[in-house]
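Visitor: Sequence:
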Amino acid sequence: MKSVHFMFALSLCVSVGYAHKCHQCHSTKSWGDCETKELTCPGEKDHCAKVMIEKSNGQEFTKGCTSKAECKVDEHPSCKSVDSSVTLKCELHCCTGDLCNAAMVPMVSAIMLLVCALVAFMSLFGEP
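Under mature numbering (1 follows the signal peptide of the UniProt record, and there is no 0), the residues of the sequence shown are numbered -19 to -1, 1 to 109, in order.
Source of the hints: derived by calculation from the structure; they are not laboratory data.
Hints should not be assumed to be uniformly reliable.
As the list claims (entries may be wrong) - Cut-off 25 Å, straight-line C-alpha distance, at most; resulting in silico cross-link-like pairs (SDA-like, lysine to any residue):
# : residue 1 : residue 2
1 : Lys49     : Asn38
2 : Lys53     : Met33
3 : Lys53     : Cys71
All values derive from a computational prediction rather than experimental measurement.
Just need the whole structure built from these sequences, with the hints factored in.
Guide: Below is the structure:
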């Protein structure tokens, strides 16, 4: 019976989360020339972005993961880090749907882990 309680407590520790996947690439020619790789985004990066930076000496095309807060031209790192003396335009497109896909992955919450450990401890070493 203790093992049933332990397995139940352990199952409470795992919750379902989503791992967002975005295309990642960089090119100085075009989107068509942008060799795309699939990237699993870290937790705080829940959007995908396409950025085109137009400079006096050419263009840069970038795709990658970003956060919702960075889905504004003046907040995105690619647009913020450009030299305004040579940058003519920074164009940003964010998405959460068509160009983004999600897969179920197990995630463990620190609080749930503590609660589960306490329940497991009590079920194994508590009263018979």
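Visitor: Now tell me if each hint is right for this structure.
Guide: Hint check:
Taking the CA atoms of Lys49 and Asn38, the gap is near 30 Å; set against the 25 Å cutoff, the hint is violated. Our distance criterion of 25 Å between C-alpha atoms is met by Lys53 and Met33, whose separation comes to about 13 Å. A C-alpha spacing of about 11 Å is found between Lys53 and Cys71, which places the hinted pair at or below 25 Å, so the restraint holds.
When the structure is compared with the earlier hints, a violation turns up for hint 1 alone.
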